[in-house]
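Construct the entire structure; sequences and hints are all you get.
Protein chains in written order, with this note's numbering: chain A, 1 to 318; chain B, 1001 to 1300.
Hints in this document: simulated from the structure, not taken from any laboratory.
Because the structure is a prediction, the values reported are computed rather than measured.
Built from N, CA and C at the ideal position, the CB exists for glycine as well.
Please note that a few of the clues may not be correct.
What the hints assert, rightly or not - Only pairs whose alpha carbons sit at most 30 Å apart, straight line, appear in this in silico BS3-like list of lysine-lysine:
hint: 1; chain 1: B; residue 1: LYS1062; chain 2: B; residue 2: LYS1116
hint: 2; chain 1: A; residue 1: LYS108; chain 2: A; residue 2: LYS222
hint: 3; chain 1: A; residue 1: LYS262; chain 2: B; residue 2: LYS1116
hint: 4; chain 1: A; residue 1: LYS222; chain 2: B; residue 2: LYS1116
hint: 5; chain 1: A; residue 1: LYS222; chain 2: A; residue 2: LYS262
Stated by the list, open to error - Across the chosen pairs, the derived CB separations fall in these ranges:
hint: 6; chain 1: B; residue 1: ALA1158; chain 2: A; residue 2: ALA288; range: 51 to 57 Å
hint: 7; chain 1: A; residue 1: ARG259; chain 2: B; residue 2: TYR1004; range: 54 to 60 Å
hint: 8; chain 1: A; residue 1: GLY126; chain 2: B; residue 2: PHE1269; range: 15 to 21 Å
What the hints assert, rightly or not - Chain A regions said to be covered by chain B (calculated; three or more residues, Cβ under 8 Å):
hint: 9; stretch: 74-81
hint: 10; stretch: 87-95
hint: 11; stretch: 99-107
hint: 12; stretch: 266-272
hint: 13; stretch: 277-290
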Amino acid sequence: MSYWYTVLTFTGINVLLAYSVYASYMTGQVSLGQSAFFGIGAYTAATLTVLSGANLFVAVIAGGAAGTIASLFVGVPTLRLRGYYLTVATVAFAEAIRVVLHNFRFGKPREGAAGDTWQGPDGPVGFRHISYLNEHNIGTFEYMSIVWCVVLVVVVVFAILERSRLGRVLRIIEEDQIVAKSIGINVSFMKVGAFAFGGFLAGIGGGLYAHLMTFISGDDFKIYLSALVLAYVVIGGGQTMWGPLVGAVIFTLLPEVSRPVKEFRLELFGILMIAVMLFRPAGMISAANVRKWAVGRRLRALLDRSSPRVSSPMVREP
Amino acid sequence: MSDYLIDLLQTSIDGLLFGSTYALVAIGFTVIWGLLRILNLAHGQTVMVGMFAGMVCSTIFKLPIIVGFVAAMAAACVVGIIVDRVCYRPLRNAHELVPMIATLGFWIFLEEAFIKIYFYTWFRGYMDFPNPYTFIGYDVGPIRLRLDYLITLAVSAALVAVLYLIVYRTRFGLAMRMVAESHDIGYLMGVPVRRILTGTFLLASAYGGAAGFLIGMASNLASPQAGTLAVVKGLFAMILGGSGSIAGAIVGGMTLGVLELTGAYVVSFAYRDAIAMIILFAVLIVRPQGIAGKATIERV
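In structure tokens, the structure reads:
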């Protein structure tokens, strides 16, 4: 049973990552570097609990803050520019951060231990002995609950965002930046803000991941991770907040249930991404689906005929 | 001159020579970007496939180097055609992100498939790339020029010259420049836009395959991860130089090569990618159009 608790914890962390991509995806920016913010968050949080004995909550929030700062570092210079610059810069940033984390050595010798005598990030060996959960007697079930509480908060935040003015503003930026500018939206600020929020979520996910794994190294944060997380959003559907959630849950659980899927999951993801783009650019769950299934909204639509339309330029009619 | 300066000069020259392969990769990105305004993330896979085709020809079938080189370009062309047919042609009217994500899917799929094939068939077997020029070099004063790097530079320079001839001296190149200006006007003027775009994909992929062969030869290794590396370095070089212009890709590739090696020498080998990235960001802040780009980004 504790195996499945761990799997579910992973699922929760992947949902967080998927939302971190989705935050900037809402404004039409594709990030391929969430693994960098994930890794920075993981190292920051783990360093705080291991070396300065901080509380898990404080450490994870600090990890999120570190992710935010890193994403501002990438986002501020690149998001002013139009188009694909962010994608390129995040690819480069993720590779660079992986290398830095791989070589990062910091900490103090470990007392009273045979064999490994280093506490803290230890270069290519990795960051071992992140034993906060053991020391504080947090079982796999409790940790799963903690992670899913965080996920629930994030889902609620996105649900509110989607229904708010701010969410609509982000969607306008995705639709057409010039139009957005012409009606007085500060486009760069909004894009940087959305991206920084994504960095925050990835940092939090990283902090939770580090304490689940108890061992992290720079190689955990390869560019693949970013591509996979982007795949969750793209395949799940990037038009509404339900796409990332469903995509991350299905594609984390599916490899655990079926062995062949686990063996060939990356190939499967690749083919699915192409297929989704060719045949259903809106992803598994499109805005139209959500409208169709949302009972409450349909009732409201019956009451007043002007129900809000959430659409995306990703499905442009030829 | 002190030893430090001589070593610095030596690493800079090595970087300049090896940077020519980055320039070749960046040319592939920049040509497709110039004509389609779309990032082809699958371009790294043409580099990787070219590298493996060259390795198979030269190591397994023991064919001469030049045959391996041609085979690398041909195999890469096949990949380019597939990318064009699968990820671009059906999605020509879609939003610009749609084909980009499709090429990302292609990238993940091909790389993973190759890693599986590689581990099942060649692992610890044929990973060596043939390099007949190892340990041969010429001394110019205190500087030693490695022959394989010199050949890399010479081949890249020849390919770049051919590219300039194609773009500025042939009807196909004229049509390419037309399409880069506007697809619609191209159609109206009777330019076969689809065929030109396929031709552009072929051209870009052939250059990617050539780059793959040269990288494999200079580093003596064929690895399935080369595609990812090529994407990172090629995009980097393209942005550094200025996207959409061929001259920018060359300048960017050479600069990246020098930056990487001198950064590794002056600061630390472990952090060389980070150093290159900080410089890229500095360039993006000061000159978003890149080192060689014009204020309005030039196309092809």
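Results of checking the hints against the structure:
A hinted pair counts as satisfied when its Cα atoms are at most 30 Å apart, and LYS1062/B with LYS1116/B qualifies at roughly 24 Å. Taking the CA atoms of LYS108/A and LYS222/A, the gap is about 27 Å. The hint holds against a cut of 30 Å. About 13 Å separates the Cα atoms of LYS262/A and LYS1116/B, which keeps this hinted pair within 30 Å; it holds. For a cut-off of 30 Å, the pair hint linking LYS222/A to LYS1116/B stands: about 18 Å separates their Cα positions.
Among the hinted pairs, LYS222/A with LYS262/A is consistent with the structure: their alpha-carbon atoms are about 18 Å apart, no more than 30 Å. Between ALA1158/B and ALA288/A the C-beta distance comes to about 54 Å, which sits within the given range of 51 to 57 Å. Checked against the hint of 54 to 60 Å, the C-beta distance between ARG259/A and TYR1004/B comes to roughly 57 Å, which is consistent with it. Between GLY126/A and PHE1269/B the C-beta distance comes to about 19 Å, which sits within the given range of 15 to 21 Å.
Check result for the stretch 74-81 of chain A against chain B: holds, 5 residues qualifying (beta carbon to beta carbon below 8 Å, three or more required). By the rule of at least three residues with a Cβ nearer than 8 Å to a Cβ of chain B, the coverage given for the stretch 87-95 of chain A holds, with 7 such residues. Counting residues of the stretch 99-107 of chain A whose beta carbon lies closer than 8 Å to any beta carbon of chain B gives 4, which meets the minimum of three for the stated coverage. Evaluation of the coverage hint for the stretch 266-272 of chain A: fulfilled, as 6 residues show C-beta separations to chain B shorter than 8 Å, against a requirement of three.
Counting residues of the stretch 277-290 of chain A whose beta carbon lies closer than 8 Å to any beta carbon of chain B gives 3, which reaches the threshold of three, so the coverage claim holds.
The structure meets every hint from the earlier list without exception.
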